[in-house]
Structures are given as structure tokens and as C-alpha cells.
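Colleague: Two chains, two frames, a set of hints: combine them into the complex.
Taken in order, these protein sequences are the chains called A and B. At the far end of the first sequence sits residue 365, using the working numbering, and the numbering has no gaps. At the far end of the second sequence sits residue 278, using the working numbering, and the numbering has no gaps.
Heads up, a few of these hints could be off.
25 angstroms max Cα-Cα, derived BS3-like pairs, lysine-lysine [as the list claims (entries may be wrong)]:
{"hint": "1", "chain 1": "A", "residue 1": "K331", "chain 2": "B", "residue 2": "K79"}
{"hint": "2", "chain 1": "A", "residue 1": "K331", "chain 2": "B", "residue 2": "K103"}
{"hint": "3", "chain 1": "A", "residue 1": "K298", "chain 2": "A", "residue 2": "K341"}
If you're looking for bench data, these hints aren't it; they were derived computationally from the structure. It should be emphasised that the depicted structure is a prediction, and the values quoted were computed from it without experimental measurement.
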Amino acid sequence: MSSPEEKTLILKSSDNEEFLVKESVAVQCITIKNLVEDGCDLDAIPLLNVDSKNLAWIIEFMEKYADSTSTDAEKKDFDTEFVKKPFNDVLGLILAANYLNFPALMDVMCDACANEMKLWSVEQVREKFHIQNDYTEEEEKAVRAENFWAFE
Amino acid sequence: MGGGFSALANEKNIVTHPSNPNLGDLPESCIALILSCLEPSEICKLARLNKTFHQSSFADVVWESKLPENHQILVKKLFSVEESSERLSKKEIFSRLCRPIRFSGDTKEVWLEKGRRGICVAISWKGMKITGIDDRRYWTHISTDESRFHTIAYLQQMWWLEVEGNLEFEFPAGNYSLFFRLQIGRTSKRAGWRIVSDLEQVHGWNIKPVKFQLELSNGQHTTSNCYLNEAAGKWMHYHVGDFVVENSYIPTKLKFSMAQIDCTHTKAGLCLDSVFIFPSESMKQLKQF
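For reference, chain B alone in the conformation it holds in the complex (with noise of 0.2 angstroms):
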């Protein structure tokens, strides 16, 4: 019986509470919990409260629930040999993934969305296998601030469209979207003024439709059809597919393409920047690149 009940009369208790109690009376481990319901932007306004809100803030509950539940594979897989060694504090933890991570090489990135614990990631053309990049007479590769990996590829013109890239990586579980992030025309800076250029060398996609495709390991499957008629010099996300990651501990295995292989005309003017997934929620990730 002693236990329990030494525990109502000691622990933690030795000064009773005041009848009217201010934030400042709290301790560190309630003010933590009360922490952990906000934002990571209003958690870390409100560290810089005073000394105690500021230890409360780095407690581990706090930021927990906001990781991804397979967020120790993703320590392993993506952080430095010294830093996942060291016992990081969730709140490192997550301050690290929610600023975008390259691997794979430089050509793939990864972050954190803050508010919604979900897993981004983009595919550089670099990382991708497209037929005659090499070649000069079909494409050149442009360094532009226009992209996150600061380098695009174009086509100035080719009768076989095939770019395809895999990726394998532990989301944790959820729903995806794929998307192509492209641009008909190219543009470039003039005066400060962003333009298209070469417009008319442009053509060829309003004839057949680009096939894009996704593929997973484990059978899920997309294809979609799609002409690219946007309004030159635009970025946009063209939607391949979505996919379900069931098991956030298993690494999801997915191939993806987009090709334009008809040999009755010729295709050009087109900026190929990227892959991006995201959970499929996130709608306003496309506004950014």
C-alpha cells in the first residue's frame, strides 16, 4: 500500500499548488506537453517566453508526434555517420528533416513538410536515364535558379521522348503523388524581366499525348496520357499517379517514365526539371518547386 500512497503525498508535491495558479507555476514536464499541441513555428516562438519555456522546448514529447514513425530508419539512411551516431533529441531530429536533404549522389532530395509530418521527395533529371542527354543536337543542360537542384535539361528537339528514374525509399506509410515538374519553351532573364524564349521552335505536343507512367515493386500501377499544351515558359506538375505506402518500415521500390516515342513527329521545346512526391494532402507543395 506504501507505494502508491507515498507517491499521492511526496512526489512532485512538497510545495502544495497555489490556489491561483500563472503559466510561471507549471512545471517543466506540463509545459512541454502543452508545447507539443502547437506548430513547430508557434513552439519555438514561444521558447523564447523565458528560461523554463525555452528547457520545455526540448524535450523530446514535444516533438515526437511530429516525426515520422520510421523517422530512425531515415536518421540512418540520411544523416552523416557522426550525427546518427550521437543520441540526437527529437527536436534535432527534427530541425534536420525539414530542410531538404540530398542523396543519392546530389541527385535526389528529401525534407519534412513542418505542419503535416510528411515525407517530400525530388528526383533531379540528373538521377534519371533519358535517352541522348548526352547528345548536343537533342539536349543541353542549363543551370538555372528555377529549379531546387539548380540545373534543368531542354529539348530543342528529338523524335524519342524517353526519360525514366526508379526510386527506393522508406516513406513512412501514407498516400503519394507523383508528378513531372516540366516547362514548354524556355525562358530566360532580360532586364529582370523573365521571357520566353526560341518560342517558336515549340511544337509537337499538341499532336499525340505524352504516356507517363508509375510502377511499384509491389503491383500498384498508373499510366496516364497526357498532352502537354500549357502555356509556354510555365512550370508545371504533371500528375503520373498516386501509390499507398502500407509498411513505413520496408523501403517502397517504384519506377517511373514519361515517354513520347512516335516516330511521325518531331518533339521540342520542352524543360524537364524534376520528379516530385508528396504526400497526396499536400496540395500546396505544388506552389512551390
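Just chain A, same shape as in the assembly (with noise of 0.2 angstroms):
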């Protein structure tokens, strides 16, 4: 049961689904906080950009963040879990997090998307995540050369 002067706030996702959140968990988004401390005053936050999917785990990661209580230890277990999601998913969240401006979101999928990256080789990711490649060999080859430092 929130205090008397606990506010909260109703975020409206891009498919119109309503969310209440208390203002203290929803403020870790600076775009968020930044409408709050310039006074909105709109019954519902419209979040252009992000849809209900989404936006139902961008809660979710906020209010375990914003738990005093729980641990460090139990953030990285939380954080584990949470980013066990389908690639896309992932890219999705970055997509969102960026837009609203939640930096520990943020670096939690950004570790995640590079963890999974890193596995492969060069053709293998621009395989597996249908990156298109436009560079000629030549191209390729001056930046291999231009990075020849980072493998010694």
C-alpha cells in the first residue's frame, strides 16, 4: 500500500495499454524524470516508442532496480534471467532503454547483446543477425590493418 504522498504516474505504451508505476521507480528514465521535473501534467505519459511488450518489462527491470532492499547480489541473478530473451527482444530493449533514457537498463542489455555477439566470428554475426556488409575487400582489408594493434 503506497504512502498518501507517494505519487505515481500512468505510462501509456505505443499500443495504448495503460501502466500505473510510482513516480520514484519510473524517474530512473531521465526522459521520464525530466517531463516530471518540468512539471507534466498530462494524466497519462505517452511513450511513442514503446510498445506494451516491451514496456511491461521495462517495469518490471525498474522495480527491481528501484527495491532498496534487494541486493547487489540479487540484482546480477535478476539481471541473468531477465536478459534471457530472443535477440531480437534484446535488440528491442536497447531500443526502448535508449529512448527513454534508463542507463542501468541500458548497460545490463547492452552487456547481454555483446556477450552473444562476441561468440562468433565476422561472417558468423553478420549471418546470424542479418547484418548486410558494405564494404568492398579492399575496404575490409584497411580496416583489419588499421587495428593490426589490437591483436598483438
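Modeller: So, in C-alpha cells, the structure goes:
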């Protein structure tokens, strides 16, 4: 039961679903924090680039991280489970966290994405993750040569 | 109210996000953050993926966390005047720092460990004060590729072994260990094989220990006494001691020495290469010179 002073916000996803979130939790997203500080008095905050699927996850993450009783070890365990999502969903959360400017979520999701990518060779990454190679062979050789020092 | 609201509505969101995004849909800023989670070799590998990844790999945010916190001081100290006055990107600074840089008239070398942000320093015997070093009865200077300075000093025979050196350097805060790189006996190459030569000359090392000392201007001080009784022909790192740097922004001033001045016995057959200082956790550095 929230205390009388505890303000809640309504966050509205791009597909018009509304989510009730405590203000103290939601302001982990700097974009939302700025809105609140600017004195936004809308009934619901429309998040045009976050659908309900992503918003539900983001709220789950925000609530875990806002919980002062959860220890660092518990957060780490939570993160480990949280990132076990299909790769496209990981990317979707990165885009949403970027849009909402939510540093903690960005860090966790970018780390998960990096961990997935580093397992593969360049050719495998292109294939698995559908990246178009817009280099000529010479250009790619030039990039390799420019970064030789990293492999010494 | 307007500023924040329009930020949500307009900024970087003119195109709504795809529902099933691919890596190609990520803006450069997000790719840069992903790359910043990786090791330098992985970053440089993925820079070949496509032009966007390549471009993102140049972002300062990717390399900032890999540089020591006092890298601006190190740039001023170690890079040429022209280089340090240019606005170098963090990537350029990183790539320059992780290749060894000579300083102090070529007698010292510093480099940044790629993996752990640790600064390592090597000091050649040429940068040390060695009793009798120019007297060819006692010491000879040998060119060799077994030293990163391409030269070692070989002690033929002497009563008085005394080697001293000092260093003033802005080490980033952390724990460091100092070692002397020494070899009993000298080696040469015959038909591609490395063999120990003049082994019969080697003596005096198991009679009394060698005294190694390390002293910092802030009072930290260690002494260790060690017999140099390792097998001949093998380069060894003799641990002198450890020290702690608390402030990355003021130079650490240290003195180190090794001595065996007991005049009851001569010492002979020792190769002195250099002193190494590196972060205490970096034991793998010991495998390379």
C-alpha cells in the first residue's frame, strides 16, 4: 500500500495500454524524470516508441532496481534471468532504453548483446544477425590493417 | 512542460522502432555502448562488420573506460608535443598507449595492458647506477634479442655487486609489484640452439643472499633477501616488493636496488636485464619480457 504522498504515474504504451507506476520508480528513466521535473500534468505519459510488451519488461526491471531491499547479488541474478530473451527482444529493449534514457537497463542489455556477439566470427555475426556488409574487400582489409595493434 | 514532452515525441524518434529489430536498426550511439562492453580485440574485430560498426568503434565512450583515469597526464608526459596538442580520440590514445613507449633517454619503457587498464614500466640496466659498469674487468655489455631493450649487462666477476635505480612516474592508483629480471650464467646461440656458455665461471650465488630493496618517497619500504639459485640459462623475475599508489595525479617516486657486497666472496656469471613494474594482479606479464 503506497503512502499518501507517493505519486503514481500512468505510462501509456504505443499500442495504448496503460501501466501504473510509482513516480519514484519511473524516474529512473531520465526522459520521464525530466518530464516530471518540467511539471508535466498530463493524465498519462504517452511513450510513442515503446509497445506494451517492452514496457511491461521495462517496468519489471525498474521495480527490481528501485527496490532498496534487493542486494547487488540479487540484482545480478535477476539480470541473468532477465536477459534470457530472444535476441530481437534484447535489441528491442536496447532501443526502448535508449529512447527512455534508462542507463541501468541500457548497461545490462548492451552487455547481453555484446556477450552474444563476441562468440562468433565476423562472417557468422553477419549471417546470424542479418548485417549487410557494405565494405569492398579492399576497404575491409584497410580496417583490419588499421586495427592490427589490438591483436598483438 | 513542453521541453520534456516534445523530447519524447520528436527527438530521435521520427521513425518508430521496428517491432522485430535487427542489429542494423540500432543507432550508432547504441552500437557504441554495446562495443564498450567488449575487449579491444573484439571491438576491432566487430569494426569490420559494416560501416556503421566501424564508425561506432571510434566513439570515445567505447574506449574511455579502458584508459587509466590519469591518461591525460600520461599523454602529456609520453607523447610528442605535436601529438599531445592535437585533440586525439580516446581510441587513438588507447592504441598508442598499449604499444611500448620509450622515455627517459630510451632507458625506460611504458605500456598499457590491453585487458586490464594496468600501466607497466620496464627500466633497462642502462637506466640504473651500477658499480663498476664501465670497467670491462667486471661487466660486459651484450647485445641480445632476449631483452626488450636489446641489451643486457653481464657480470664476469666482482666482490661488490651493487645496482640502484629510481623512477618518478604517474602510476594510476592501484597495487604494483617490482621485479628484477636476471639470469644466472650467459647463453649463446649455436646452430639455432640456445646454450649456456661459460657455466664453470658461475659462482658465489649460494653463499650469501642478494639483498633487494624498494623504497617510496611516501615511506613504503620493502626488503627481501634472496639466493639466486635458479638453474643457469633461464631468465627469472625476482620479486623485490609491492607498493600501493593512492593518487593517480601525483607522481610516484621510488628507488630500488639489489646488492651483494659481502667481500668474503666473489660473485660471477650474472646477466642483468631490467626492472619490471606492473599491476600486482598481472602475473601473466611474467611470461613475456
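Colleague: Look at each hint and say if it fits the structure.
Modeller: Each hint tested on the structure:
1. The straight-line distance between the Cα atoms of K331/A and K79/B is roughly 22 angstroms, inside the 25 angstroms bound, and the hint therefore holds.
2. For the proposed pair K331/A and K103/B, the alpha carbon gap of about 17 angstroms is at most 25 angstroms, so the pair holds.
3. Straight-line distance between C-alpha atoms of K298/A and K341/A comes to about 16 angstroms, which keeps the hinted pair within the 25 angstroms bound.
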